[in-house]
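Participant: This is what each chain is made of:
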Amino acid sequence: MTEAKPVVVCTWSESQGEFPVGAEEALTLGRKVANALGTRLHWLVLGTLPETGMETAGRFGADGVDQIEDAALEAFSADVYLNALAGYCRQESPMLVVFSQSVETRLVAPRLAGRLEAGVLMNGVDIVAGDDGGLQATASAYGGDTQVVYELSGAACYVFALAANALQAEPAEGGPTQPGCRSISSDLGGVEDRIRVVEEARTEGPRLEDADVIVSGGRGLGGPENYGLIERLAEALGGLAGASRPLVDEGWVDSSQQVGLTGKITRPALYLAAGISGASQHMAGCSAAKTIVAINKDPDAAIFRYARFGIVGDCLEILPELIQAAKQ
Amino acid sequence: MRIVVCVKEVLDPDAVNNYALAGRLEIGEDGKSLTQTTIPRLMNGFDEQALEAALRLRDAGAECRIGVVSVGSDPATILKHAAALGADEIAAVMMEEPSPDYHVVATLLSSYLSTSGGADIILCGRQASDDDQGVVPALICEALGIPLVTNARAVELMQAAGETALRITRVTPDGDEVVEVSCPAVVTVSNELGEPRYPTAAKKIAARRMKPEIVTAESLSLSAEKLRPRVVALRQFVPTVSGNCEFVDGETPAELASALIARLRQESVIS
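For the protein sequence lines, the chains are E and B, in the order given. Counting from 1, one number per residue, gives the positions in the first sequence under my numbering. Counting from 1001, one number per residue, gives the positions in the second sequence under my numbering.
So here's chain E without its partners, still in its complex pose:
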């Protein structure tokens, strides 16, 4: 009998030594699918395994950790990463490769699918295995206004990217496993990225992606002159200021401050949304927040469906008072 093909969760750290964002959620989903299909779960780490990596792998029920460590993988390069990944997949023949969705995996995952002749689905929310061993996957559409259930059949392998806010990480049932760690060799010496970086991106100050507290403003602010209220409240709460897309489109704020589907995907402890209606496209960038607070004039605004705490009122009246109260 041939062994069932494994489920592989693939991650890398955005910067050296950091724990890869979304790895626990991806492992949670990977474990669920591997259990349903009676197959193994492997965690493939490109680059250096984070310090707590083996403990995490065990807690989330991985059967093995595969590590490709190569000097060429130290900094992200789509062509190099793709070569390492495709080589690994040709050797291990996984049935499913799960990524946590990010700007980098949005680039790598579909290209991997193309190279492997695999099927691909991004913005993934869940995967369910049927009794017949077939897979059905759910992904969000229209920025989250709807979700679509897809049947994954016809390809030997599938590539799936799990959206940031799709599910809660949950340690594997039945206690931690004791996964082994394999070092996978790769030959990346001759691979060069066809894209030459001539000016590196320079982060000016802290990033919204890493912020613990974010205060965001939307159309309800009325005009660009009121955006200062958002910045002052963010400062008073020790956080950063964000915005919904209309403010960026109107030119009130820089696009680096846009939270949402096509902007920053954030995971703060506190997300305070002032004058934001709560369109799915915006929520895609903040619904992974632990606590959402909404201020909106309209008691029926969609944002209140996502919020833990709400104030019905004009944000232009409430914000100055909040700045005062936060400073006390």
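Calculated from the structure, these hints are not laboratory results. Be aware that one or more of the hints could be misleading.
[Unchecked claim] Which bits of chain E does chain B cover? Going by a derived footprint, with three or more residues having C-beta under 8 Å, they are:
| hint | segment |
| --- | --- |
| 1 | 16-26 |
| 2 | 95-107 |
| 3 | 142-153 |
| 4 | 175-188 |
| 5 | 200-214 |
| 6 | 263-272 |
All C-beta atoms in this analysis are idealised placements derived from N, C-alpha and C, irrespective of residue type, glycine included.
Could you slot chain B onto chain E? The hints should help.
Facilitator: Relative to chain E, chain B alone:
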């Protein structure tokens, strides 16, 4: 030089959004499509910006022909819009399925590209506003074996010693990055590129006479096997969001604000 822009027809995302915000978005009896038949169909906004990037290259002096291609059951309307904006050639790849699988779309487009004379620059929107997948450009780049640069806010042509290359400003989480890539290449365009132009009335009238080249799987000699879908939509639904919002009490803005801060401190959300 030939630039080809790949465009998709979608339901107006703002209209879909307004229905969703009002809690009135509904799925029809087929379990797949939205019932709101009044929602207009238009060119995906990001694709329109990809076309704008092509037009700006021509405005900047690039000697090029701009082709626009779309896969669908009836892409003539958006192709005529593309012609009115300044496309030199338009091609419709006919596909009966209303939303064929991404792999099928990418196979049709790559096959069209390589059999219609190739392209030096292939421009696409970063994603379609209906399914948000953004995978077709990546699948095209792999099928053609050429590089992919994503999320461009500016695209410039660099020509020297018979070499054609692009200098692209990319939007990244860490700010703007500037990269160079030799042609041919696939480039996806993001909303940061800015407002696309509007067609003039005269160009709209002229575009009405332009007929798209009709392309089919047969004319591309693609077998059914090559066009077998891998990801098939079974059903679509409107997700419910569990609302358990605690509305803070207070008569005045000051009372509301201090009540909120107090609750957040109580729950250890802030210190």
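Participant: A separate judgement is required for each hint: does it hold in the structure or not?
Facilitator: Hints, one by one, checked against the model:
| no. | hint | verdict |
| --- | --- | --- |
| 1 | 16-26 | violated (count 0) |
| 2 | 95-107 | holds (count 3) |
| 3 | 142-153 | holds (count 12) |
| 4 | 175-188 | violated (count 0) |
| 5 | 200-214 | holds (count 8) |
| 6 | 263-272 | holds (count 3) |
When each numbered hint is compared with the structure, violations occur for hints 1 and 4.
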